[in-house]
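In the order they appear, the protein sequences are chains D and W.
The letter at position 117 of the first sequence is residue 117 when you use this note's numbering, and the numbering goes up by one with no holes.
Numbers in this note's numbering are just positions in the second sequence, counted from 1, shifted up by 1000.
Simulated from the structure, these hints should not be mistaken for lab results.
Fair warning: there could be bad hints in the mix.
Simulated coverage check for chain D against chain W, where a stretch passes if three residues somewhere in it have a Cβ under 8 Å from a Cβ of chain W [to be verified]:
id, region
1, 29-42
2, 47-57
3, 69-80
4, 105-119
In this text, a Cβ means the ideal position worked out from N, Cα and C, and glycines have one as well.
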Amino acid sequence: MKRSLVMLLVAAAAAVGNRADAHHSFAATYLETQEITVEGELVQFAFRNPHSFVQVTAPDADNVMQRWAVEWGASGQLNSQGVTRDTLKPGDHVIVMGSPGRNPADHRIRMKTILRPKDGWKWGGVVD
Amino acid sequence: MVARVDAGHGGNVATHMTPSLMARAVLIVIAMLVSRPALAQVDLAGMWASPHHQNWMERDPGSNPVDYLALPLSDAGREKALLYSYSQMAQMAHQCSLYTPFYSVIGVSGLKIWPETDPVAGNKIIAWKLSGFNFDVITIWMDGRPHPSKNAFHPYSGFTTGAWKGETLITHTTHMKAGFVRRNGAPSSDQATMTQYIIRHGDLLTMTAVLEDPIYLTQPYVVSRIFRLDPHANIRTTEGACEPISEVPDLDVAGVVPPYLPGKNPFVNELTEVYHIPVEAVLGGAETMYPEYRRRLKETYVRPDKCVRYCGQNAPGLHMIIDGSGKPQP
Chain D
1 MKRSLVMLLV
11 AAAAAVGNRA
21 DAHHSFAATY
31 LETQEITVEG
41 ELVQFAFRNP
51 HSFVQVTAPD
61 ADNVMQRWAV
71 EWGASGQLNS
81 QGVTRDTLKP
91 GDHVIVMGSP
101 GRNPADHRIR
111 MKTILRPKDG
121 WKWGGVVD
Chain W
1001 MVARVDAGHG
1011 GNVATHMTPS
1021 LMARAVLIVI
1031 AMLVSRPALA
1041 QVDLAGMWAS
1051 PHHQNWMERD
1061 PGSNPVDYLA
1071 LPLSDAGREK
1081 ALLYSYSQMA
1091 QMAHQCSLYT
1101 PFYSVIGVSG
1111 LKIWPETDPV
1121 AGNKIIAWKL
1131 SGFNFDVITI
1141 WMDGRPHPSK
1151 NAFHPYSGFT
1161 TGAWKGETLI
1171 THTTHMKAGF
1181 VRRNGAPSSD
1191 QATMTQYIIR
1201 HGDLLTMTAV
1211 LEDPIYLTQP
1221 YVVSRIFRLD
1231 PHANIRTTEG
1241 ACEPISEVPD
1251 LDVAGVVPPY
1261 LPGKNPFVNE
1271 LTEVYHIPVE
1281 AVLGGAETMY
1291 PEYRRRLKET
1301 YVRPDKCVRY
1311 CGQNAPGLHM
1321 IIDGSGKPQP
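Whenever a hint applies, use it, and build me the whole structure from the sequences.
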């Protein structure tokens, strides 16, 4: 039993070990010469590698509510810029500006700036 | 023939040696005098930063979609490349994948290199290790071991052996997974192999990679990169943990299949519209690698009035020419 458990742990470690991100080309992913701004409620903040993501529910240009996936920097990059996993919370009202994804159906944005009007917290910068 | 060997303690030992035995003894002595221990080879250890002076677009923000210019793609390689959609990378099954060892010369990061020494012999280097960003740690075995069976598992790191030729470390990598030769989906197959030439010139390191792929390339694809020794580069020894999540919820819906169908890639003409590069050049092929091809286009090429993409934005320290003045921007 104990041996089986050890084998299981080894197999699990092999399955999750040595993984990291596939660093995609931003130019191939986003329309980097265009900008889009959405304003709405933050529903999830995944502070992680390879890239952090902020999920925001906000209306699109046709006033239809969408869940926007906003791509940000890796956790280490953001940490060095003062952003931690506790910086943003679900329910925060935020205004996000960035480059729209090439496929409109993805509802995806590359983060350029984010503002939380309630306390004036904001971030703007470049991450890769 | 009689050879006298000093046996120490003031005594002499006389030994009869044949000429061939004598010749062998002389050769052994010469070999011992001229051979150098492994540590006398070039020391590659250190943090090697990537200054991005070469091909900034490819190494930093990433290449444009459907930019296969100067890639020796086969027809199969081009077809596969055109199916690629960036949305694939955001799917949970793919977002934590690593690139192949070829990414060490096309990726964004610098390199950390360190030796592994024989625990018994001490100063004998049995392997060099290379780490960076987005590829698994590469082990260059220096102990003469053979490559595994062609049916062996292909890990993210591939399998690499190396040997010194003068002051150049020549490595050979097999057993790579299928991957990319450019970050816009231009593919390499799991049958690709790579030969690298690693040369240190003081504080600079040149790595020249020659990728050969019988499936997706028609000729070897050669990329050369220079790295600069930088003790402050702080390059990671192992890849950071990657946590798969639903990055883009609209992609994690049943029935969503990101790759484009054949003939449906919407970005085929984008480089032609933005940079006026003919679409047959954009789609690559071996002939687009050579200067002769550029000369052929020169007669008909009309440069756009203004650069609208990759004009030096977000490239600290790189002053690029972005207009017809021919002068770098301040």
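Are there hints from earlier that the structure breaks, and if so, what are their numbers? Those not satisfied: there are none.
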